[in-house]
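Chains as they are written, first to last, in numbering that gives the first Met the number 0: chain A, 0 to 430; chain B, 0 to 227.
Don't read these hints as lab results, they were simulated from the structure.
Careful, some of the hints might be misleading.
Computed Cβ-Cβ distance ranges for the label pairs, DEER-style [as the list claims (entries may be wrong)]:
#  : chain 1 : residue 1 : chain 2 : residue 2 : range
1  : B       : A82       : A       : L201      : 34 to 40 angstroms
2  : A       : Q297      : B       : S124      : 56 to 62 angstroms
3  : B       : A82       : A       : E210      : 26 to 32 angstroms
4  : A       : Q297      : B       : A82       : 39 to 45 angstroms
5  : B       : S124      : A       : D300      : 25 to 31 angstroms
6  : B       : K139      : A       : V215      : 39 to 45 angstroms
7  : A       : Q256      : B       : A118      : 32 to 38 angstroms
8  : B       : H195      : A       : E274      : 49 to 55 angstroms
9  : A       : D315      : B       : H195      : 37 to 43 angstroms
10 : B       : A118      : A       : E308      : 35 to 41 angstroms
11 : A       : R281      : B       : S124      : 49 to 55 angstroms
12 : B       : A82       : A       : R172      : 37 to 43 angstroms
A virtual CB, placed ideally from N, CA and C, is assigned to each residue, including glycine.
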Amino acid sequence: MSLQRRLLWSLGSAFLLLWLSVAALMYFHLDRQVSQTLDQRLAASATMVAGLIAGQPEMLMSSRSSPLLVSPESEGVACQIRGASGEVLLQTSGVEDQVLNDARPGFSTREIGGQQWRLYTLEQSGTFITTADRMSERAVLANGIILVMVVPFALALLGGLVVLWWGIRGGLRPLEVLRDQLRRRTPENLDPVTVDRAPSELAPVVETLNELFNRVATTLAWEKRFANSAAHEFRTPLTGIKTHLHVARRVSGEPQQQALVNAEKGVAQLQSVTEQLLLLSRMERKGEIAREGCLIAQAVDDALEGLPERERVRLDNRCKEGRVAVPRTLVAVVLRNLVDNALKHSVGTCDLVLDCSDLQATSGGPQLRVTVRDRGVPGSSDSGSVGSQSHGLGLPIVHMVVNQFGGALESEHNEAGGMDWQLALPLLSTC
Amino acid sequence: MHVLVIEDDDLVASGLEAGLALYHCTVDRVRTAREARAAMDQFGCDVVVLDLGLPDGDGLALLSEWRQRDVAAPVLILTARDAVEDRVKGLEAGADDYVLKPFDLDELTARLHALVRRAAGRTVSEVKHGELIVQPRSGKVMLYGKPVHLSRRELALLERLMNARGAVLSEERLKDGLYGMDASVESNAMNVHIHHLRRKLYRHVVITERGLGYRLGPPPVEPEGDGS
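Looking at chain A on its own, in the form it has when it is part of the complex:
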């Protein structure tokens, strides 16, 4: 059931119940008031007759020949005056003899001739004055009251429900707009939704939704970039291998040997890429990487061992005894990737500075700072090593390690025209 129908149903039901309860209370109260009023009319009529008789006692004497006191139409208040011995002295037409004979003083209800009557008997100086009216007349009056009450109530109720429906529909209009926008959009569409004149209650929902869309778009973009990087990293050595093997088939002697050596280099590159991807996969399945610390100097040695163009790296380790709370293998991979990135996208030397004297006070505790500084390529439009747009897997892996072990990675352009990569790794407390 839609929210609109649910609201209409619940509010309408409550509305209807309240109105009916009020109407019922009013009806019963009014009915009782009318009955009392009619009873008072009977009593007043009897009192009036008694007053008349007291003022003109000859009325009773003359009535022997003409006992009809009043001649009401078929409906109205009937009256009968009896003597002490029960003989009828005077009565209205239509009142059967002896019918009201045994009425005792006060109010009573009796069935007379198939009809319910309401009686009032007043005793005065040995005479009994009884006034009566038909209950059917009272029922007609009560029905009239109900009709008078029900029609405006029913109209007001219907009008109220229409107003309620209109109000709910108008109030839920922003939700309808939001629903239509979400229903119409394709799964690929991650543009923010816009709801004009959104109420304050809905604004956080729209805001959260748009933030979610933004996060999904960012994640998808990152994954796409990562997939492109992985494709590039795989295809490049594969291309080298394929090309050199093709050459090796077509030549002989020294050129053939050289082509095979190059193909082997490609295989080694491919192996390295595969290892990095496997490492990435293990990191994504948290728990498979032991959370042990290592001596930073050992990790640096691992990172620089066998590095092509090692002579371009100037190492400045001011933190030889520093131990970081990251496994040695991962620290080596992180440093190697950063240095690789710097060497690939710059000329000249590249500085690798390790420093734990200037401890960064963070919520996670003291950290060791590693700076990888390159000098860029003079005259090029881009300066220094590349950022997140890199085609390699190196930087995504660095980011993943840093995030998983509570470190940080920042980059900024330096005065030499290259880039500074600032890596912070958490130090072990025993350092």
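Add chain B to chain A, keeping to what the hints say.
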């Protein structure tokens, strides 16, 4: 065919150099956009093989820059970016072809020759000049139906002259096309190649326009009594 290869990965670049050499191509390789600009300013090439992810900039930006400067050399993009939008961007930036890594060397050279052929306004791969026929891709040269062996430089020189369709080419331009960035070229190397062409083919295959350069001579005339 003189190919300028712009590729930052040494392994791929060395494979391309060795592989294209098998197909009688003269290859010059640069690794950055900056070096590529300098190379293009320094000498002309028949075709460019361009990698997109260069260390100092994007290959597409370089290509757009060249096209804005009216550099007309055919460009083949060789990249690992396989998304359709990347291909569209590449072709819209002015590329003449788009090949994904890893590629087949036979296919790549066929595509490069097709680009050069189209740039020269030819519809068939063979270049005919009367009874002189050159098949650039295989490097075969036929004169009067008989094969003639030419060295890589001689073949490149002949191909350039035939593609010029009788237009005069300066010695510098011919040298650039033949040697590219190879600075260690003897001053009389061009004369030696022309001499060899005249000797191996026929005397007037290359006409010297004094002070201007060289052009392709008239088609060969079958020696008297040889065709009877």
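**Asked** For which of the previously enumerated hints does the structure constitute a violation, in increasing order of number?
**Response** The structure breaks hints 5, 6 and 9; every other hint is satisfied.
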